[in-house]
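J.: Start from the sequences, fold in the hints, and give me the full structure.
4 protein chains.
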Amino acid sequence: MIHFDCDYMAGAHPEVMQALVESNMALTPGYGADKYTHKAQELIRSAVGCPEAQVMFLVGGTQTNATIIDGILRHHEGVLAAESGHIAVHESGAIEASGHKVLTLPHYDGKVRAEDVEEYITNFYADDTYQHMVAPGLLYISHPTEYGTIYSLKELKALSDVCHSHDIPLYIDGARLGYALAAENTDVTLKDIARYADAFYIGGTKVGTLFGEAVVVTNPSLLKHLFSLVKQHGALLAKGRLLGVQFGALFRDGLYERIGSHAVCLAMRIKEAFSKAGYRVVVDSPTNQQFFHLPNTLIDALKHEVSFEYWGARGAESSTVRFVTSWSTTDSDVERLCELIEELHR
Amino acid sequence: MIHFDCDYMAGAHPEVMQALVESNMALTPGYGADKYTHKAQELIRSAVGCPEAQVMFLVGGTQTNATIIDGILRHHEGVLAAESGHIAVHESGAIEASGHKVLTLPHYDGKVRAEDVEEYITNFYADDTYQHMVAPGLLYISHPTEYGTIYSLKELKALSDVCHSHDIPLYIDGARLGYALAAENTDVTLKDIARYADAFYIGGTKVGTLFGEAVVVTNPSLLKHLFSLVKQHGALLAKGRLLGVQFGALFRDGLYERIGSHAVCLAMRIKEAFSKAGYRVVVDSPTNQQFFHLPNTLIDALKHEVSFEYWGARGAESSTVRFVTSWSTTDSDVERLCELIEELHR
Amino acid sequence: MIHFDCDYMAGAHPEVMQALVESNMALTPGYGADKYTHKAQELIRSAVGCPEAQVMFLVGGTQTNATIIDGILRHHEGVLAAESGHIAVHESGAIEASGHKVLTLPHYDGKVRAEDVEEYITNFYADDTYQHMVAPGLLYISHPTEYGTIYSLKELKALSDVCHSHDIPLYIDGARLGYALAAENTDVTLKDIARYADAFYIGGTKVGTLFGEAVVVTNPSLLKHLFSLVKQHGALLAKGRLLGVQFGALFRDGLYERIGSHAVCLAMRIKEAFSKAGYRVVVDSPTNQQFFHLPNTLIDALKHEVSFEYWGARGAESSTVRFVTSWSTTDSDVERLCELIEELHR
Amino acid sequence: MIHFDCDYMAGAHPEVMQALVESNMALTPGYGADKYTHKAQELIRSAVGCPEAQVMFLVGGTQTNATIIDGILRHHEGVLAAESGHIAVHESGAIEASGHKVLTLPHYDGKVRAEDVEEYITNFYADDTYQHMVAPGLLYISHPTEYGTIYSLKELKALSDVCHSHDIPLYIDGARLGYALAAENTDVTLKDIARYADAFYIGGTKVGTLFGEAVVVTNPSLLKHLFSLVKQHGALLAKGRLLGVQFGALFRDGLYERIGSHAVCLAMRIKEAFSKAGYRVVVDSPTNQQFFHLPNTLIDALKHEVSFEYWGARGAESSTVRFVTSWSTTDSDVERLCELIEELHR
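Chains as they are written, first to last, in this note's numbering: chain A, 3 to 348; chain B, 3 to 348; chain C, 3 to 348; chain D, 3 to 348.
Treat the hints with care, as some may be off.
Which copy is meant is left open, so a pair is good if it fits within one copy or across any two.
To be verified - In silico lysine to aspartate or glutamate, DMTMM-like type, Cα no more than 20 Å apart, as pairs:
| no. | residue 1 | residue 2 |
| --- | --- | --- |
| 1 | K226 | D169 |
| 2 | K37 | D7 |
| 3 | K156 | E117 |
| 4 | K159 | D111 |
| 5 | K226 | D130 |
| 6 | K305 | E24 |
| 7 | K226 | D7 |
| 8 | K156 | D129 |
| 9 | K193 | E259 |
| 10 | K156 | E186 |
| 11 | K305 | D130 |
| 12 | K273 | E24 |
| 13 | K37 | D130 |
| 14 | K273 | D333 |
| 15 | K37 | D118 |
Calculated directly from the structure, the hints in this document are not laboratory data. Every value quoted in this text rests on a predicted model; they were computed, and no experiment measured them.
T.: Okay, structure coming up:
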């Protein structure tokens with residue numbers, strides 16, 4: 003069976019695992035006060051081009067979003083997000099559980115538009131009763147989005163500008179950031195992300211580690227008591243060095259970039275194969291998630307050998323499906339899939 | 003340098019690490035829906051003697067306490083705990099952050115007494131204004147306690163009885179449970195824990211794993227929507243199988259017991275050494291944490307070679323200190339410490 | 003100046019005020035344990051035809067909604083509501099502040115449809131990832147709605163049925179309930195409300211009292227610790243008897259009905275006047291709130307003598323406005339308004 | 003029957019009631035945007051000697067404490083309070099429900115000492131693990147306290163100084179403030195309260211109004227979004243002018259002072275009567291609450307004609323009881339009580 007279900011099916015990239023094995027018997031203080039963590043923080047500060055950034059490692063994405071968003075928002079504020087955003091849909095109400103409303107914006111293949119943000123904020127304060135409503139206090143975007151799409155540098159700058167013109171910070175969920183940075187025609191670098199966001203996280207779980215997300219706060223006034231906040235949210239790992247060891251491995255010799263390129267390259271081959279065979283690409287995603295409309299007969303035939311995710315019916319005879327690659331996807335997996343597509347298409 | 007600072011300084015026990023390495027490239031569904039997790043759940047259900055228990059794996063202790071306590075309590079209820087309890091002191095207000103008060107009871111070397119629980123509850127409902135106060139809705143105890151002490155079977159039964167006579171569940175924090183079960187004269191087994199508690203957790207982080215705590219709910223009506231609750235608390239690990247793999251290793255061939263015995267045995271040797279040299283044992287702990295009053299001169303001398311935790315001044319010339327062993331503590335570490343005690347004592 | 007801005011501009015209906023004045027020097031115990039409260043509870047239990055209903059008086063609407071909804075929902079649940087619902091828009095995030103998401107449904111002039119509720123719930127549980135999303139745990143509707151519209155008995159029953167078929171309670175916000183019950187062709191009585199809802203409140207603030215809302219819980223298992231919950235939400239009035247005195251006055255001699263009829267009758271005259279003059283009635287509301295599209299020139303002319311609420315532009319030359327009547331609106335107010343409409347129209 | 007149970011048994015002081023009756027038919031905008039509220043705000047700003055203070059009216063005490071404390075604290079902070087403080091005991095966990103721990107200090111007849119506050123804060127930051135604990139973020143005191151005692155100017159200044167030296171605001175619960183200001187030998191004025199506190203409230207419910215507490219924020223940076231916060235806490239009264247009307251009446255012609263003096267004067271007569279008859283005064287309270295140890299025989303005898311509050315057994319044959327006066331206590335009530343004491347004592 004070949005798997006394209008999601009990007010968190012395997013353990014850690016072998017180089018990351020190696021680093022964990024090598025450091026396993028070392029004795030270090032807990033909660034991130036160790037040399038591995040310090041080193042990884044340095045590497046990330048350097049990679050993002052922001053020497054004064056606050057870098058903190060957490061275990062998972064929902065936890066990171068809930069902690070950071072709660073930490074930034076004031077009591078009367080909510081977080082703006084695409085109605086398709088992970089925090090708006092798939093986090094079991096974690097944002098609301100910390101007391102805040104998710105204020106939804108329309109999405110375009112998962113992306114939000116600066117003009118919609120501007121309009122939301124302007125309309126909000128134009129309403130005489132705005133104090134009876136939840137104030138927009140933060141903009142959340144994901145890059146890449148839940149649909150695999152990415153922002154251009156111009157779009158990112160526009161979002162950052164509209165936020166800052168209204169004194170609202172911008173936070174970027176980078177659960178799959180490595181795959182966005184590796185997209186073929188992207189003009190957004192990691193340093194751009196750091197320049198335009200006030201806080202963001204570099205996802206590890208889906209990009210090579212066993213688990214772990216690296217929060218980067220470039221606006222130092224935003225989260226002054228982050229350590230206690232992380233502890234209070236149950237997100238402080240006792241053996242914090244496990245996060246340092248893993249992110250150290252990702253950022254020491256360009257592993258993060260290599261993983262991104264590998265997965266995106268394979269995803270592009272899959273896209274091409276389906277496309278060439280005449281199937282419809284639902285979203286023009288340049289990253290590791292690919293969405294297609296396929297005939298149900300093809301889906302059934304593929305399923306004997308390939309697993310992937312079902313996203314919903316598309317009329318009576320076809321459906322939307324998702325194929326995902328990652329560092330653990332192999333050339334031969336993709337080769338076999340492409341063969342199958344060709345074979346079954348005939 | 004020899005380290006006795008705490009029991010979470012090393013990575014995972016080599017057998018646990020081996021299991022992680024071996025399963026690293028396997029591809030499994032996320033969020034605990036994998037064969038490793040199912041197997042570990044079975045092993046634990048069998049080890050606790052409760053085939054119908056709900057078993058769920060979380061990442062860390064604070065997270066586990068906050069999630070389970072929040073899940074059990076109703077809005078108007080708080081959790082009873084020793085004033086020295088971890089949830090009352092060292093979790094940055096995680097319980098309160100989920101909306102609940104920690105109602106404190108006096109502690110006796112970290113333990114609470116059934117008669118104090120009874121008195122608290124009785125006095126509470128005898129007060130005409132009780133509806134204006136936070137109702138006791140759960141009893142939290144730790145076994146072993148934060149002072150290394152353990153409950154006898156009789157004490158445990160008494161606590162369970164008083165709770166259930168008032169229709170209040172009993173929850174046991176087993177962050178270091180393995181070390182309590184290995185205590186020399188304990189008459190409390192893992193099955194007793196499962197029999198008397200409504201919910202508890204078997205700690206992994208401090209007893210052999212990289213991270214992870216296994217929640218066992220023996221009272222099935224208590225936490226009907228545990229999965230969503232765990233997700234909402236940001237405590238659901240994407241690669242859930244990492245927890246299954248590790249707990250599988252702990253419970254397959256008695257590793258959990260071996261780790262407990264090893265650490266407790268070494269702790270007893272340390273206790274004996276200090277005791278024989280005439281130093282005062284502060285708490286009569288039969289587990290892996292040992293507390294002593296030592297002269298500051300001895301502390302300073304030891305510190306050249308040994309690290310351990312300072313717990314506070316005891317007059318002008320002596321202090322309380324803590325020595326902790328774990329699976330990673332070696333015989334030679336303890337031997338050297340004992341030599342030093344003898345040497346420096348002369 | 004004649005005022006049609008809203009229905010909470012005056013103090014209390016003279017009969018209510020009289021009751022407050024008469025009882026002012028009486029000495030009673032606090033927090034609702036007084037004879038006035040008991041009497042009012044009895045009157046309401048009788049009026050709603052549910053002798054075993056739990057009746058509790060709170061001060062205001064947002065407070066009532068937040069307290070009751072929080073009390074009913076379990077941690078992982080949210081509340082279904084029209085996207086125009088008061089809790090979804092105008093309560094400054096009070097529901098989210100208590101940890102719960104508002105799950106929005108499309109609205110039709112403020113109303114939700116049973117088929118949409120059915121579809122939402124069915125789709126929710128059909129999604130494999132439903133445990134990662136906020137479960138629908140309660141349906142909130144307002145009667146009349148924020149647009150003045152009302153449910154028919156058939157619609158109400160359908161909503162109740164769909165809720166109960168999915169084991170979800172139905173909660174009705176009756177901030178203006180008196181005006182719905184007085185609508186000309188309504189077939190919904192107060193007893194129907196009690197029959198089909200699991201909990202609801204009878205609004206006082208907008209229907210004759212200085213303040214106060216009477217919560218009626220007809221499903222006794224729903225809110226077992228209501229008193230403590232109300233106290234915890236800061237919603238317990240020290241001099242609870244003030245609520246009892248006022249609701250006693252409303253329900254003793256049919257005052258609640260008289261107020262409703264008075265206001266609705268005047269609202270119908272306003273509607274007729276605008277309609278006859280050819281202006282567009284935006285929503286066909288049979289209650290005390292009326293919405294019209296008026297030319298801006300007419301609006302400006304009226305404003306010299308009449309105040310009402312502006313609801314937004316309608317193209318370049320007209321706007322939507324709201325006129326509201328209440329117990330304090332007089333015949334002569336409405337007569338003068340009608341004269342003005344006729345005059346200005348010529 | 004003569005009542006000394008508590009100070010919220012009657013409605014409003016006749017002058018306050020008169021103001022409500024007179025303004026009843028006036029039509030004003032809601033939510034405090036009316037002339038009565040503005041006038042009352044001005045009167046209070048002037049009375050407290052702080053023209054730039056933010057003044058906001060809420061309905062009740064628990065609500066006020068929960069809203070203001072939540073608004074001031076940051077996520078990782080708790081509120082310091084006497085273990086006897088109202089927020090620590092009698093608010094059904096309202097503070098914890100908003101996510102914050104109440105950090106308790108020892109009390110001396112209800113008062114906290116500056117040196118204890120200093121010690122708490124110093125010890126807190128001296129602990130290496132302080133980031134794992136709830137940080138003290140605010141000091142809450144009540145004046146008078148729950149035991150009727152009051153702070154001297156020196157004590158108040160000391161508390162204010164220790165708070166500000168650690169950058170922690172001071173908040174004063176003035177539910178019964180009027181009775182503290184009227185204490186015979188007090189050297190603390192309303193202006194002193196405003197000078198030393200960052201925020202406080204002037205209680206109305208227990209000092210002449212039907213309900214209502216006037217929050218005064220003298221440190222303008224503390225609560226920038228108070229209106230939305232109040233709304234979110236369900237504490238915004240629709241007919242806000244009812245609070246303005248009542249506080250206007252209290253502060254227009256010295257009514258607040260007159261009420262305080264009246265009640266305190268009567269309380270002193272009660273104290274003297276019991277004292278002269280040889281009974282033990284438990285707390286030396288100079289305000290409207292008086293605590294005595296009385297023989298159970300006397301208690302039983304008094305109860306035929308007098309009601310008061312039982313506070314607990316004091317050995318087998320006597321008990322602690324509380325007598326409370328207020329604006330509604332009459333000279334003849336107290337006279338009759340004094341006669342009874344004398345009679346029964348013989």
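J.: None of the hints should be skipped; say for each whether it holds.
T.: Verification of the hints:
1. K226 to D169: both (18 Å within a copy, 15 Å between copies)
2. K37 to D7: between (36 Å within a copy, 17 Å between copies)
3. K156 to E117: Close inside one copy (13 Å), not across copies (43 Å); limit 20 Å.
4. K159 to D111: Classified as within; 19 Å inside a copy, 39 Å across copies.
5. K226 to D130: between (33 Å within a copy, 18 Å between copies)
6. K305 to E24: So K305 and E24 fail the 20 Å test inside a copy (39 Å) and across (27 Å) alike.
7. K226 to D7: neither (39 Å within a copy, 28 Å between copies)
8. K156 to D129: Result: close neither inside a copy nor across copies, 30 Å intra and 36 Å inter.
9. K193 to E259: So K193 and E259 pass the 20 Å test inside one copy only (14 Å; across, 50 Å).
10. K156 to E186: Answer is within: at 17 Å inside a copy they meet the 20 Å cutoff, but 58 Å across does not.
11. K305 to D130: The answer is between: 18 Å across copies meets 20 Å, while 56 Å in one copy does not.
12. K273 to E24: Neither: 38 Å inside a chain and 33 Å across chains, both beyond 20 Å.
13. K37 to D130: between (54 Å within a copy, 19 Å between copies)
14. K273 to D333: within (14 Å within a copy, 58 Å between copies)
15. K37 to D118: This pair counts as neither: shortest intra-copy Cα distance 44 Å, inter-copy 38 Å.
Consistency note: the structure conflicts with the earlier hints numbered 6, 7, 8, 12 and 15.
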